[in-house]
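Student: Okay, here's what each chain looks like letter by letter:
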Amino acid sequence: MSSSNEKITLFSNMQMWYHKHVIHFMMIFIFTGLPILSHSFSWIAYLIGVPISVFYSTAEPTYVGIEICRALHRITAMLWITLSIPFAFSMLFKKWHLAFKKRKDESWKTYVTEELADMKTMYIDFSYPKRAGKYNLGQIAAGLAVIVFSLIMIVSGLFLWFRVSLDSTTVSIMRLLHDIGFTVFVIFLIIHIYLAVHPVNQAGYNAMFRDGKDDLEHAKKKHPGMFVK
Amino acid sequence: MKLTRRNFMKTSVAGLAGAAIYSGSPLKAEAREITSADFGVENRTFLTCRMCAQNCPMVAYTRDGRLVRIDANPNTPYPSICGRGRAAAAALYDPQRIKTPLIRTGKRGSGEFRSASWNEALDLVGNKMLQLRDEGEPHSVAYFPRFNSASLLDDTIFNLYGTDNLFSYGDTCFGSTNQLGLGSVFGGGDDEPRQGNSSVMGDYENAKLAVLIGRNPVGGLVAFPWGGMFGRGRKNGMKTVLVDPKKSLGVGETDTEWLPVIPGGDVAFLIGLAGELFTNKYYDEEFLKEYTNADMLINTETLQPLYLQERISEDDAEDGIAVEPDYQVFDTATNSIMMKSGAASPSLYGEYDVDGVKAKTALQMLMDSCKEFTIEKAAEKSGISIEQIKKLAKDLNDTRPACFLERGYRATRYFNSLHEKQLISVINGLLGVYGRKGGLIYGRYAYLESPFDYSDSNEISVNMWFKENVEGFELADPYNMRRTFPLAVEREEPYKLRMAFLNGQNPIGGSVGGHKMAKALEKMEMVAAISPFWNESLLYADVILPDTTFLERSEPLFGQYKATFPVITVHDQVVEPMFETRNGYWIMLAIAKRIFDEDEYASYFGDFEAGGIKYIVDYQLDNLYLDDEDAAIFSRRKLIEDGVWCGVPAPVKPMNKPTPSGKLEVYSLFMAKWNERLKSEGRDKDAQYYNPLFTCPPTYYQTLKEQLDSDEFIPITGFSPLSSFTGAQTRNNILLKNVGSKLNYSAVFINTDRGNALGLKSGDLVEIFNIEEPSLIVKAEVQLSETVEPHTLFTYYGVGNGLYRKLADKLSVASPIGLNPNHIGNLTFMPVEASAPSQDFIVKIRRAK
Amino acid sequence: MSYEKMAVCYDTQSCIKCFACVISCSTENRMRLQRDYNYTVEKSMVEEQAHLNYLTVECSEKGKFPNVLQIAAFKHCQHCDNPKCMEICPALAISKKDTGAVVINQERCVGCQACKDVCPYDVPRYSKDTGKTYKCTMCHDRLTSGMPTACAAACPSVAIFSGKQEEVIAEARKRAEHYSKVFNKEYFVYGADKVNDTVGTLSYMTIAPLENRDDYLLPADPTSGVAGGREITKVIGTAAIIGTAAAVAGHAVYSAVKLSGKDEHKENENE
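Chains as they are written, first to last, in our numbering: chain C, 1 to 229; chain D, 1 to 849; chain H, 1 to 271.
If you are wondering where the hints come from, they were derived from the structure by calculation, not from laboratory data. Computed from a predicted structure; not experimentally measured. Some clues are possibly wrong.
Said to hold, decoys possible - Here are some chain H residues the structure puts well away from chain C; computed CB gaps all over 12 Å:
hint	residue
1	D36
2	F65
3	K96
4	N105
5	I169
6	D193
Stated by the list, open to error - Incomplete in silico selection of chain H near chain C, CB under 8 Å:
hint	residue
7	A50
8	G63
9	P90
10	K116
11	T233
12	T244
13	A245
14	K258
The beta carbon of each residue, even a glycine, is placed where N, CA and C say it ideally should be.
Use the sequences and the hints to build the structure in full.
Tutor: Here it is as structure tokens:
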């Protein structure tokens with residue numbers, strides 16, 4: 001551990017709590033969503049449906065499975081949306097880190113080039129970056145994308161929920177958006193989880209899942225941009 | 001698991017899932033693999049369809065005592081029933097049927113009734129009839145049969161009871177107009193030449209060109225055999241030309257020509273067409289010479305034949321040898337006037353001076369009468385362009401004799417309809433299509449006897465009295481007329497009518513001037529009714545007896561088909577009567593028991609009561625008379641096994657007809673006779689509708705107004721294949737409505753440009769009223785369409801509840817609004833033949849408030 | 001049990017628009033409710049249950065009075081050789097039978113309506129009452145019992161006929177040829193030949209004038225529209241996911257090699 005005992009808080013309790021639950025939600029979303037997405041995943045519905053249909057219903061296991069998945073998908077969505085409201089609210093009163101940290105006197109080109117160089121330093125050279133703030137450009141972009149696609153998923157999902165009363169073109173478009181959003185999320189999650197467990201992010205990982213804190217010294221090295229006034 | 005709504009609601013607690021997770025008994029896939037055994041267990045019953053009046057032969061299948069499927073009886077050359085018949089189950093199981101006897105509690109017309117026992121209801125009716133007979137006035141009972149379920153028996157009971165006042169619906173349909181229209185050319189009948197709707201019919205299967213005037217063979221009923229024949233014609237490549245104010249779907253969508261005729265402008269169009277045929281010699285000279293009276297010499301002053309030797313029958317002839325009619329012609333072989341029988345080569349043309357009398361051949365008369373009416377005038381008055389008339393004339397010439405002009409159905413539309421029907425028959429004669437392959441072929445029929453007695457000692461019927469005593473009714477058909485009823489009630493002539501008995505008939509909805517029918521019913525001391533369904537007229541009844549539908553009763557054999565071959569069908573009961581309904585025979589016998597004393601009853605109906613329908617069927621079969629060729633192939637067993645028997649088709653060859661001249665009268669002597677008679681009585685107005693020549697008498701509405709205002713239209717009705725007449729069997733039928741709503745069949749249709757000019761758009765609510773009855777206002781949805789002639793306001797017949805909004809809660813599937821022109825029409829009568837000019841009035845429309 | 005390939009054909013020319021076929025289809029389906037679900041006809045026959053009309057009517061009007069074309073086109077499952085609905089159905093509820101019939105198994109249908117989205121002819125119909133989607137089954141049960149389809153059985157004018165595929169096609173081509181000659185314009189049999197790659201040939205064919213193909217809802221190039229994007233998304237998405245996973249795996253290997261090369265990672269140099 002660092003010799004210094006000075007700590008810096010990277011994540012609030014609220015953030016950590018929310019993040020943990022989002023992990024569960026995402027898992028449920030994916031598992032219950034897949035059998036509705038394509039028959040390639042009907043085995044999931046089947047696995048769920050078989051035991052239930054044995055005990056409670058004589059209906060087709062796949063049918064029962066999908067209906068259960070669909071119900072869980074919607075329940076989870078409601079919980080997630082509900083939890084997101086206080087979270088989003090609390091975030092309004094915090095420093096907003098997910099913004100492009102371009103200085104006024106530099107061009108976008110310089111900013112992006114330097115940030116990309118930082119990312120290379122971090123993920124390829126496994127060294128400390130020069131200017132990255134709390135989040136580097138990749139993280140900022142991914143974070144913003146997650147917010148945007150979450151909204152897309154929520155809106156399109158709600159449309160699909162009430163598809164019965166909508167015209168078929170709208171439903172088609174919403175279904176397409178939900179599909180695209182899903183793909184984006186899967187790609188994001190693969191990268192996100194990988195990098196989270198990658199040794200370079202050990203501290204962040206620890207912070208997120210332990211007490212939300214990091215050593216100040218380490219943070220200064222890792223996130224120099226956070227300490228520039 | 002059942003797919004019921006309630007079941008679904010109950011089980012869909014997993015609402016989040018949007019659908020239910022069901023539990024219960026095992027399911028079977030809709031598309032499971034099923035063997036023929038699944039279908040073999042159904043019971044099969046042969047019967048005839050009564051969703052309209054045509055009795056198309058059908059077969060019904062039941063499972064667990066329920067009607068599950070209806071098909072056309074396959075044992076005919078044209079197995080065909082239409083969608084209406086296939087939707088019979090929705091009528092049978094209609095929860096809004098009349099379930100118990102009902103007795104009126106509110107005002108007449110209010111629709112308030114209470115349930116009653118059969119005994120109470122029957123006693124009410126029976127006692128009233130007894131009272132009237134005791135007072136010596138059984139003839140004051142007016143009987144209105146239609147879709148009644150006690151055929152043969154019902155007429156008998158009323159006749160034996162003492163009334164011949166049978167008000168039938170024919171005056172709004174085939175009545176006099178269509179009968180006389182063909183009869184004037186074809187002959188027939190005793191004093192008046194009448195021909196049925198199916199005396200001749202289009203040989204669709206072999207035709208190359210069919211001109212449909214006032215006829216949609218599809219929407220317009222008679223699936224068997226006309227619908228079947230027409231479709232086969234289309235399959236064989238028959239071209240169709242539709243002369244109609246509304247373009248209809250069924251006559252063909254892509255390879256059909258639509259000539260949008262101004263309402264009532266058909267006569268002008270026909271004259272223009274005939275003129276073209278004459279100008280270009282597009283007619284069949286050989287046919288005219290051989291089979292028609294085209295060569296007859298006519299006195300140009302009187303329009304009568306120069307000399308006619310009338311037919312002398314065997315009885316009247318001195319030497320007992322019948323003498324055929326003969327007439328004078330100009331023989332070109334001898335260049336002299338002589339009798340047709342002696343002429344070697346009678347001329348079709350020319351003007352001759354015969355002993356100072358100016359005479360022309362009949363054909364010359366016709367040709368000259370056309371010349372006076374130019375094609376320009378024809379185009380203007382009919383709304384059909386000169387090019388279209390010319391093209392049609394040429395097409396007819398190119399295809400004859402495999403072509404024809406249909407003469408229409410529900411023929412009584414305008415004052416000039418009779419003349420129109422006559423001209424159509426004449427033009428068919430000019431084209432030489434009678435009795436020719438692909439032209440018009442003849443019908444043949446089976447005649448079935450009734451086992452019941454009739455009395456001929458009754459008081460003269462109202463209809464017969466009108467015919468014999470009232471000017472304007474001389475050519476009426478007293479057996480097919482009902483619109484004399486309100487007149488007779490109003491005038492109390494020839495005597496007071498005191499009771500009306502409606503058996504399946506809806507005179508208010510079905511006859512033009514329905515509101516006057518309603519007024520007349522209100523004046524009755526009692527109105528009794530038998531019906532399975534609600535309708536306008538029942539609102540005015542005092543006692544309603546719930547009838548079965550045709551699926552819940554057996555009937556005698558039926559033989560009145562509109563086919564080229566005789567047809568006999570059986571009709572067996574398919575399912576048990578629903579609710580407390582009883583079949584018409586049961587009801588009629590119950591009334592008979594109450595109005596006849598025991599001995600009378602036993603002698604009239606004892607055998608029937610003991611033997612049931614089988615007694616009538618046995619009698620019909622025992623007394624069946626068939627021509628030799630039919631008798632050779634008739635088998636009682638086959639009739640029962642197949643549910644239908646079809647005889648031998650009429651030969652396809654021209655036949656001479658029982659006209660005064662003994663020929664097909666392209667120059668109608670019947671018309672000439674009536675023209676002369678009416679003129680001599682100073683009735684020139686009437687006389688113009690009776691003329692053997694190509695003349696153009698006006699419609700009634702044209703005599704009211706030269707020009708329609710921008711918000712005025714002529715109300716035209718036509719059948720959709722999803723509605724029939726005014727009975728609720730089709731009106732309150734969800735299976736039919738599912739499809740009908742796609743056609744917006746309860747709307748009124750007007751031409752798009754005219755609608756736009758009035759600031760209307762499709763879907764707007766409008767109020768409609770007859771300009772002569774402005775207090776009767778009907779609401780309807782308007783639909784703008786390019787398929788409507790601009791003078792026309794088109795409605796499908798028998799769909800909406802119209803003026804009688806009280807019906808809305810009794811028939812909740814039916815459209816609560818929508819126009820039935822009959823409700824607000826005039827009580828006018830066709831000149832002299834007195835049937836119903838059903839569309840001959842002007843309506844105004846305005847946006848509903 | 002295997003069956004021969006069957007087909008149905010609708011002839012717009014000899015059709016007299018009596019709609020007996022539409023009613024027959026509807027009543028047959030109500031009969032099936034009684035047969036398969038004990039839901040009696042006396043109830044079903046008087047309920048709207050519009051989704052049981054597997055054959056529906058679409059009216060259109062084109063042109064100005066008096067030169068107006070009025071068409072009541074029939075809309076029904078075409079029973080594509082490549083049923084897009086079957087591919088997309090997540091519940092494996094849709095299958096193509098030996099007869100050529102494309103059938104929704106009602107017990108498996110979850111009512112997601114993906115089939116409706118993807119259908120190039122917009123055919124499947126969702127019922128709010130049952131939460132399931134319905135469409136024509138080509139009367140698979142009747143065909144395999146040697147009976148004509150309900151629509152064909154109902155037709156009084158020989159305009160709909162069903163039977164063995166090759167016989168139906170032969171009759172259809174004969175009629176189209178005859179009409180082309182009589183009416184002097186081209187009639188074609190829609191679906192007898194491959195329509196396009198999306199749907200292939202059709203088991204429910206239509207004879208119509210070529211010039212009116214769109215009026216009769218017989219598109220030359222039927223597509224799945226927006227829903228087609230879903231298929232593309234699935235392909236691209238899967239590729240992208242695999243690509244990402246591969247990249248991540250590559251980086252992991254790279255990290256392992258690079259970090260094990262050093263004694264310690266800089267990040268951890270103080271530990």
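Student: Take the hints in turn and mark each one as holding or not.
Tutor: Hint check results:
no. : hint : in the structure
1   : D36  : holds (14 Å)
2   : F65  : holds (31 Å)
3   : K96  : holds (14 Å)
4   : N105 : violated (8 Å)
5   : I169 : holds (31 Å)
6   : D193 : holds (28 Å)
7   : A50  : violated (14 Å)
8   : G63  : violated (27 Å)
9   : P90  : holds (5 Å)
10  : K116 : holds (6 Å)
11  : T233 : holds (5 Å)
12  : T244 : holds (5 Å)
13  : A245 : holds (6 Å)
14  : K258 : holds (7 Å)
In the structure shown, a violation is registered for the earlier hints numbered 4, 7, 8, in ascending order.
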